[in-house]
Amino acid sequence: MNKKLPNFIFTNQFGLLFLVLIFIIIFSTVTDGFTSRFNIFALSRVIAIDIMIGLAMMVVILTGGLNLALGAIGVCAAMFGGWCMEVLGIPIVPSLLLTLGMGSLLGWVNGIITVKTGVHSFIVTLATMSIYFGFMTMLTEAEAFRRLPDLFTDFGSAKLFNKYVSPLLLVSVATCFTLFYLFRFTDIGRKLIAAGANPEAAEVSGISVSRMFIYCHVLSGFLGALAAILLTTRIGAAIPSMAGQLGMDWLLPAFLAPVIGGTLLSGGKLSVFGTMLGAVLVTLLTNGLYLLDVGEFWIRFFLGIILLLAVLLDRARELLTLKNVIVS
Amino acid sequence: MSEFCLEISAANKSFPGVKALDKASFRLRKGSIHALLGENGAGKSTLIKIITGVHKQDSGKLFINGKEETLNNPNDATKFGISVVHQERNLIRRFSVGENLMLNNLPKTLLGLIDYDEIAIQSKKWLEIMDLDIDPSAVVSELTVAKMQLCEIAKALSLKAKILLLDEPTSSLSPKEAENLFSLLRKIVRDEGVSIVFVSHKLEEVFNICDEVTVLRDGQNACTSENINNLDRKKLVRLMIGRDEQIVKSTRKTDKIKDTVLALNKVKTELGHENINLELARSEIMGLYGLVGAGRTELVKCLIGLEKITEGDVLINGKKTAIDSPKSALEKFKIGYISEDRKKEGLILIHNVLDNTSITIWSQIKKAAGLVTDGMIANKVNPYIRKLEVRTPSNYQIISNLSGGNQQKISVAKWLAAGTDVLIIDEPTVGIDIKTKAYLHELIINLADNGTSIILISSDMPEMISLADRIVVMKDFKVNGIVENDRDYDVVSSKIMEFIHS
Amino acid sequence: MKSLFSIVALAAVLLSGNAFAGSSDTKVALVPGGPHPYFAAWERAGQDAVKDFGLGKADYKVPAEWDLSQQNELIESLVGKGYNAVLVFPGDAVGTNKILGELDDAGIPTAALAGCVEQPTKAKMCFGTDTGHSAYLGTKQLIDAMGGKGKIAHFTGFLVDPNTTLRIKAVEKAVAEAGGGVEIIQVIADIDAYEPADEKINAFMAAQGSEVDGIVTTAWVPAVVAAQALTNMGDKRIKMVGIDHDEVVLTAIKAGFVHGTMLQNPYGQGYIGSYAMDKIRSGCTFKADAPWKSTAQTDQFIDSGTVFVDITDVDTYVDAMRGISLEILKTFEGDFLDC
Amino acid sequence: MNRTLAAIFKKDWFGLLIVVLVSGLAIAAVKPAFLSPFNLYVLMVSTSYMLIIALAQMIIIAIGQMNLSVGAIGGLVAISFSGLMEVHQISVPVAVLSGLVIGIACGFLNGYITVKSGISAFIITLATLYIFKGINLGITEAEPFYNIPENVKNFGNAKIGNTPIPFLLIIPIIITILMWVFINRTETGRHMLAYGNSVQSAELMGISSSKVVITAHIISGFLAAIAGMLVVCRLQLGTPNIGDSWLLPSFAAPVIGGAVLAGGKVDVIATALGVLIVAIISQALVIFKIDPFFVQIFLGVMILLAVFVNRYREYKQEVRRKIFSSE
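Residue numbers (numbering that gives the first Met the number 0), protein chains in the order written: chain A, 0 to 327; chain B, 0 to 501; chain C, 0 to 338; chain D, 0 to 326.
Keep in mind that a hint or two might mislead.
One side only, chain B facing chain D, incomplete, derived with CB under 8 Å [what the hints assert, rightly or not]:
(1) Thr77
(2) Phe79
(3) Ile113
Simulated from the structure, these hints should not be mistaken for lab results.
A virtual CB, placed ideally from N, CA and C, is assigned to each residue, including glycine.
Taking the hints into account, I'd like the entire structure generated from these sequences.
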């Protein structure tokens, strides 16, 4: 965990920051409307949600696993929250707590199954994804909850800093700092990372690895629910299709942000701010490509190309410099 | 035709920051067993990597059978009949023994498909040369380490190897298995016309089987192809470390040893230990000796809760206790375990010195809201890092970039930091150079003198006898006998052997 | 699509009908839910609208994926680019409302096209197909074709789409009205991807093919696959009513394997929708007493025309559509708008 | 003799075979229609291309990687195949050939970038997934190709003689056999498994990683291409959505077949049976008119069960290994 500043220049975050700035400059010069207040506000809101989704996946990748059920968890939690507010008429704050609780619970189930069976979380969450989502559609019959308290839904369209920034972004950034504190400055955080990096060694060194892994899944569920809450305030209703069929629309942003952000897929090394910048970069690109008239049908193609370049660039940097930052 | 099958003259090799080899030379006489010695970081492994085509020397020539050659990759080396048996087991665990032996040139049927019967037949031949009676279709993962080792050598032979490099071959073998290995090596040198480069830290072995010795120090030749008969242990050590070796004569004051801290009573484990009865007193060093597969590591793993104890009692300070995990072993009972397997169970290679050294103490030192800063950690662990003279550019160095000796020091340091009452030390000096080894020996004794009770697992008889106060001999997951160690090597070792073979 | 060309003719007819003077600064974006052949006609419709009504722009902008957030991102970026009127096929009947509201706050008129958003909404209107009603009519047609009795299977799309539930209910309604003679023996849903649809529908044919007398499909993919399946089986006993104008379905109708299909009017939607947006931007408002239809989702619904075509008029359905579009356009301003 | 029996019993596919037979018979007992020729035909059809899709993923799992772009490759090939025939009037064989070439090219790209960059294939194929699907949409603008030549369509429907066996099944069967031979009886195949078991060991044994990885990805692309074209034959139209729904089943089948995601352990027969099981399940769901809302849950539970069973079988062996693993 090197704090020497010069090394920052060689970190993944710096590379990303650089890319982000480059693209901001490009887009604001060659496209019309990129810097318009409306667009920046819209961006800030999308980014906020993608960051949260990315973080939710990151904490499971930390264990060397994956959480395919992330989207499903998010939707289930959101629908549950909507139900609490609309049907049970529970006030906002407790409802939100319940929502987060639901997310954590579903994450906990993933964790338990993964740890107890030793089956790779990829498979476990592959299964629980359809189970969670199935129950959700069955119970709600795909009916949305949209008579949510105004105070709650207005939060999604509120504008700050002379209407340039959505409060959602503040929530996400705050979450980033909290996670950074957790992983960088607390014993539990350090244990989570150690367990992810080398379970055997961590276990022998007196860390309860299975407990740590379960924590990671719970945290993932929690953040997933949080992302779902942001999304709900943004679309003003809790709807079953908010993350697409089986909640799989979330998976791409969920992978891209941490992966571009320099989180190690084999586990044991993560980058909170890298994930944040990763999410920013991806959203920025989509938005920019929409603004440049590349022809909507080709957007995926260009997005893919640029993503490829981004990871290759990062790899090149990695080969040039010896990495020793574990949390950043 | 030259009398040397392999010759390297004035090889230089530099890596960013270090000059690994500085005009190093090496000559391997046909049909000889040649010891390549040196402290960790002296350049042994670099030289081996050059011989096996992993690295390419910056300058200097390489001759094979007198002809100058260049090796661009391991395959080239294999073509010239050079093959290496590494410290780490490098067999495909899910494959059969036969297939592993033949993997590089699998026999094929007319259709170009693999012919498994043929594999069985051919591999059998090589297994017999190594006196291995294993079914070629047996799966590797179910063999003992010793057998795996022999399989690797058999594999090397199967590749028509004329030059065989053995890197620390006995590091995980019991003396008997090692002896068996040596006789086989002599045999293949005699019968198969193989020449062997033998890398080891155990000088006894070198004197046991080697004909010639080359010593590297700081990348340079301390001596080249010296005949073993012109050397004795003292000279050799001086060549290696540039000064005389301080022999640790144990200054153990046994008077301190009293009141049992840990006792096993009729213990039975899920791994198959039967009726284990042991007592460990305060500041005692109890040795666990036995052949590979005797169940020593398994026993202590059950003790610290990695595996289950199915019957019998564990008493700590006389109190019946159940240790369900290393976590409770560490936090409730202050028992620590320094694993034999540094890379797998000892260290987190992708993390830095600070995190590895402090992993055991985070929960101890955390403040409100679980706060643990690098600063707090450094204060706690730096003394130990200094005490152990760990050589690292900074606390933020990634462990995998440290030398084996320093890595071992870290995996010890983290348990010193944890301040345990009972410390289980498993093969502490495997593959460790003489300086560090001596250092660790002193350390263990000091720990004991200062009241820590120690369970020492070692397959290195001299080490065992110079350190342990009592030596528990295990065989087939049972305790076969206990030897009070009066530090008279011959007497004690023969007693031990009796128990092993009784 | 050959239908397009005859529709260009429609444009000509319309032009001669009423001359539009000057060019407005209206920039309409026609945003479908995602990449899908149904909406292809919107592109041409937009272009024609620009020509005929002198709009600034009327562009067909497709989200990269069928994904509500993607659609929202696209719409937001379009607004950023200066589009000032949005016609959208709602990515979600409820979820799309929020952004429509925000556009409205930004002074940008919007309308739901082809499918509706649920009220309360800031969308000026829903101009399209009443999904529930269309399913209802289709089922009625099927029941007639079956002679008022028999067993029906219903194949439809993603369950997470509220429209799916509407359709299921609508089919049930039609069956209920038919009295005891007709019963639904099976509903197969969540088959909006071709491979699973093929697997499930054929499995159904194998298991129940002999018992079932009629099939109603209320989503694009199931319609295609079911039509294909019947054609492959060469089965003309089972009556089927499909939805939309995929060539597979149309050919199957001509060949007599499919009884008919419920057609919608994508070109008309795009063309008239753009026109309406321009009117509204130029200060027109909807009449208080406008002859709205009301549906399960909204009571500000204008039917863009849902016609049932079978073998008799499958070749001429384009004219039918033209007729409808013409009607709507003629009366649109008079009936709905205060200018 | 007994030993061979015991050996068979140990095999991954044995348990699955039992499952297939039992479930098959059970369903047939309740619904005789299940064994009707037409139903068997349908079963075999859906098995046919899923089999190849599963193998396309399995070969990558064998080397311890993942290929997220299987579906994207299949889709791209599907539309190129049908597009070439419709728009450019290219003859069927040539179209097939170019389809295969495209598939192989995509696979090579995946493998080459993975090897050269040293980045996990998961990430690379995630990016290429975008690229391939992007090209697909860019070309088609989401519009299907309808004019598939008659002989191609017929191939998609024809049965062998008056058996219920579809022509579509022939190629997958052949490929499955070839794959079995490749994995178990060829040097390259064994080297792939060796690589999957331990990259380090494999390299020390002089096995070239780049060769192994690139070959594996090429095979994966090749198979994805075949699957894509089979689906076109089956659906009788080249729609851009082909492949969108492949990812999950492509993993489900090998995993049910006991494949280890870490690599080095795959079983062709077991994977094939895995495909069959999934197909039988989804048919049973239709036959027994399971409430559509319930279908998702059911599939999820099935996957979990399958995995638990596999785990349980491994469990005992593990305890043994612990004892054997010497100090």
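Consistency of the hints with the structure:
1. Of the supplied interface hints, the one on Thr77/B holds, with its beta-carbon coming within about 6 Å of a beta-carbon of chain D, less than 8 Å.
2. Violation of the interface hint for Phe79/B is found here, the shortest Cβ-Cβ separation to chain D being roughly 13 Å, above the 8 Å cut-off.
3. The beta carbon of Ile113/B comes within 5 Å of a beta carbon in chain D, closer than 8 Å, and the hint placing it at the interface holds.
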